[in-house]
Structure formats: structure tokens, C-alpha cells
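Participant: When you get a sec, could you build the whole thing from the sequences and use the hints?
Number of protein chains: 2
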Amino acid sequence: MLRFGFDIGGTNIAAGIIDEDNRLIAKSSVRFPRGEGTEVVVRACAALYRSIVEQAGRREDEISGVGVAVPGSVDIDNGVVIDAHNLGFHHTPLGALLADALKKPVYLINDADAATLAEQRTGALIGTNTSALITIGTGIGGGLIINGELFRGGRKNGTEPGHMVLRNGGRHCTCGVDGCAETYCSATRLATDGKAFDCSSAKDVIDAAKDGDEKALELFRAYIDDLGSYIASIVNLLDPERIAIGGGVCGAGSFLLDPLQADVERKCFFETCPRIIIASAGNDAGIIGAGLIVG
Amino acid sequence: MLRFGFDIGGTNIAAGIIDEDNRLIAKSSVRFPRGEGTEVVVRACAALYRSIVEQAGRREDEISGVGVAVPGSVDIDNGVVIDAHNLGFHHTPLGALLADALKKPVYLINDADAATLAEQRTGALIGTNTSALITIGTGIGGGLIINGELFRGGRKNGTEPGHMVLRNGGRHCTCGVDGCAETYCSATRLATDGKAFDCSSAKDVIDAAKDGDEKALELFRAYIDDLGSYIASIVNLLDPERIAIGGGVCGAGSFLLDPLQADVERKCFFETCPRIIIASAGNDAGIIGAGLIVG
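Listed in order, the protein sequences are those of chains A and B. First residue of the first sequence? That's 29 in our numbering, and the numbers climb one at a time after it. First residue of the second sequence? That's 29 in our numbering, and the numbers climb one at a time after it.
For the record, the hints were derived by calculation from the structure and aren't laboratory data. A hint or two may mislead.
Copies of the same chain look alike in the list, so a pair counts if it fits in one copy or across any two.
Straight-line distance between alpha carbons at most 20 Å, and here's what the computed EDC-like set of lysine to aspartate or glutamate pairs gives [as the list claims (entries may be wrong)]:
#1 K55 x D89
#2 K238 x D47
#3 K184 x E299
#4 K184 x E269
#5 K184 x E293
Facilitator: Laid out in C-alpha cells, this is it:
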């Protein structure tokens, strides 16, 4: 049977069909109807669903179920989005509303968890039983694979790896705590600190560091030290087989990955250090992961 | 069937019999024969085993197997102690040697993992599927319960929660990294910083803080802030149902626990915060946990 996945973000609703081999065989997206209410979102999703199925030359009865990735906390058992600020969803019974509109079973998942599942089944974490995806963007997100399964948190609240404390008492985080990993390891940190020498984005800083600019190199080395300590914390707690990192800064390739691997190896408590590799499921990871949670 | 547990430490070998209800029904201990080699240790263990079984009025054929907790890294599958510095064991096939001496199946376990298992089955973590034990002593040790089972690390290297980084670039840890949780959250930190105002142990500092000594209170509050951030890191990554803390500083009771719970609640990313409670399996946790790993 085919499965259908939605990746609902604050800008776009992306969606697609996953085949029996976990491949994305059709996809499309529409603008997220911001501020127009839940009913409008559900109608937009239903229209997108039908157009993708039709354009792919498939029938709705070939689809076994629908997974929906959202950027926020979800009550999986009841199909409720607890909080997804970017979508304006708060205690929204999205699962039931979509199930009613699509006449299919609907399953919700946090978007970082969806991406992690996609990496484990089709990407950088394939073959691992215990591993982590860390996504480096405006903030830090991610997910964990433990004992071969997506780990949804001991109380099913998910995982918030960006809010592990890396420099207690340090920079103020949006969550209210001082020193979260997010404040030192996100792309935002590079962009913020780069302003001192006329770099306005993480990419600017990395490009300047590649060109040998001393100030950019100094910032980049401090960033590697922070990111390395952060990843080493996860390694020393969970002893994972592999860590995947995703997000724009990974465009730096081995310029980032080589010193990062060396830094984590130095800080890893165990005799051998797991490999850190770049996430490979790409922008479609949310759609694929959402589709993968369907039975 | 009964099970037998050893808790081998650098000072004593403690051991006992666990009944079908996971209760310790007989125990004893002997001095660890430091520096006398593996054969002497195995003979001491065998003698202790036979004397405990006999004194309890039991027969060896009532014992289904033997678990052995050691302070170090173990290769579970092959029954080899990889490194236990305090015991002088390095790549020591302790499982096979003891199995030969006792004529029983022998299973090895790290001592912090044994204590964690004891807490989950008989103590503070009872009934939990995802939880953690953090033991606060000279260093920081601990273990994780995930999905109802003792988590032995993704690569079976165990877990080293004391070497998560809490203040990157901070105090130098014995492991070589600057800023490990161990350097800020151990009893050693209280004893070290307390020297500045004539306290020579963690207990001295806590007693002085209880008496209202300003310097001791200042240190104690800084310690709660560090320990709170450390526990919040584990909470935000794993969303556990409960956290147990053990070790001498827990003698402070609610004087420690109340401000710690409040600090972690402030730093917890989720709507509700798990309870932090004091470990209850006590000094016998190693023996009990070792016995519990027997089939």
C-alpha cells in the first residue's frame, strides 16, 4: 500500500506519496494559509492531497493512511497538536479533522521526529539502532533513535535537544534558560557573532573562515568547540552508533565535519567515537518521515 | 529460583542472595584483595559465595545464576571486564573465570547500571519506563531506564552522564575535557569550593548552609543552579518520568531536593516537569542490581 505524508510548516504545506520502498513518488506544496484558522488549513490539506494523488495517477483507495508532521508538540494518541506556535495551533484536534476530511486514518508527528525517522529509514542513519539527528538552523532541533525505534520521549513529549544546557549561566535562550546549546550551536549564533566583522549570516562567516579571515576563523573554531562539546554530551550519555547533523551550515561539508569529528573524538569518553555525518534525506525528510509513521 | 549478586568495589566485595520477589535475603562482604591478581579475586568471590549460601541455609542448586557488578566498562556478551581501574582489571575474562569456579552462569554489569536496575525494580524508579539515576559522589555516575529496560548504551559501552558538558570551557575534568557536569555537580565540587571558608566536605558545606552561613549558602545556591541545569539537560533530551538522585549529598533531604525541583521546573522545556526523588535501594543497590540481571 502507498502512504501519504504532510509536512506542515509556517510558510508552506508540503506533501507527497511514499511507496512500499519508502521512496517519495510524488510531491507538491501550497502556501500555508496563515491566520485563516484551522478549517481553512484542513481544506487546503485536503485539496493538496487530492491533487497529488490525481497527478500521480493513483487512486485514494491505494493510500493506507496519512502522516502529518508539525513544528510543535503533539499528543500522538489523541491526534491533537498541543502547541505549534508557527501554525497558530493550540490543543487543535488536527488528526480527527483531517481524518474526517480525507476519510483515512491520520497520525501526527513532530517535524524533527519525522526527519529523524526519514534519516533512519532512508538516509544518513540507515541501519542504526541508537542514533541522533541534530538539525542546526535558527535554533537547534533533532530526534533520537533508540533500540531501533524513534524515541518519542519518556512521557511522549518528544525530545528537545536544543535545550540541553551547554554553558550554564551563559547566553539567554528564548526558552528563558541561560546557556542552552541552541544559543551556542545554532546558525543564529554564527550570524549574530559574525556581525562584529560584517558577516550577516552563518554562510558569510563560514565562507570568510574558508578564505582565511582571522576573525571568522576564530569564531568558527569557537563554534566547533561548542558544537563538539554539545555532540559529545549526547555521545557520552547515549553511546550512539552514529550522529547525523542537518541544516544550512552543513553546506560547509568537510570544512565543518572534519574539525567537528576531531573535537568530538577528543571529548568522547569511550574508546571509540561514533561517526558524525551529514543528514541526507534533505528537504523532503518531513514528508517522508510523516508517511513512514503510517502503519 | 534464587539469584546471587556480587558488587565488587576497590575496597570490598559485597554479595548476597536475591529471592523471587527481588528481596535481598542474605548478604556479606570481604575485603577486596587489592593488587593480588585476578585468581585471588576469583577465589575470594567463590569462598564468599559458598559461605553466604551456607549461612542462609540454602543449597547451591537453588541458585539459577550469578550477576557481578564492577566499577568499570564491561563487554556483556563475552563476560569480559574491559577496564576497571580500581580493581586492576583490564580485558579480564571475569565471567568465564567465575563461571568455572562457581559452576553457574555468570553475567557482568557496570555498577552504576546495577544500581539503576535495582532502583527501577525495587526502589525510587519503580514503575517507570523511562527514567534516570544520577549518583553524586566523588564524581557523577548513573544509568538510564529506557522503554522499560536498562539502557546499556547504543554500542553497549554504557552511559557516562557525568561527562556531559555543563559549562563548556570550564573546570578541567579528570577525563581531559573542560566543563564536564562532574566538575560542577559532584560532592567533590562542594568540598573543593568549601575550603575557602573552612568547610572540608560536602556535608560541612550543606550543614553550614543549613545554619545560614552566607558563604556556604552562596555556594549551595550555585551548586543547585548547576545541578538543576544538568538534570534539566537530561529531562529536555529524554523527557523521563522520574529522576532519582543518590549519594551522600542526598542526606541533605528536602533542603537539597526542594530548591532542586524548583530549579529543574524552571528549566524544563515541557509543560510538566518530572519529579526528582532520592534513590532508595541504598548501599545494597549494586548487589541487588547484579542479581537482577540473572535471567
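Participant: Now tell me, hint by hint, if it's right for this structure.
Facilitator: Tested hints:
Taking the shortest alpha-carbon separations for K55 and D89, only the intra-copy value of 18 Å comes in at or below 20 Å, while the best inter-copy value is 65 Å. For a Cα distance limit of 20 Å, the shortest separation of K238 from D47 qualifies neither inside one copy, at 41 Å, nor across copies, at 64 Å. When the C-alpha separation of K184 and E299 is checked against a cutoff of 20 Å, the pair qualifies only between copies, where the shortest distance is 12 Å, while the shortest distance within a copy is 33 Å. Only between protomers do K184 and E269 lie at most 20 Å apart by alpha-carbon distance; the minimum there is 10 Å, versus 23 Å within a single protomer.
In this homomeric assembly, K184 and E293 come within 20 Å of each other (Cα to Cα) only across copies, at 18 Å, whereas the closest approach inside a single copy is 32 Å.
Checked against the numbered hints given earlier, this structure breaks only hint 2.
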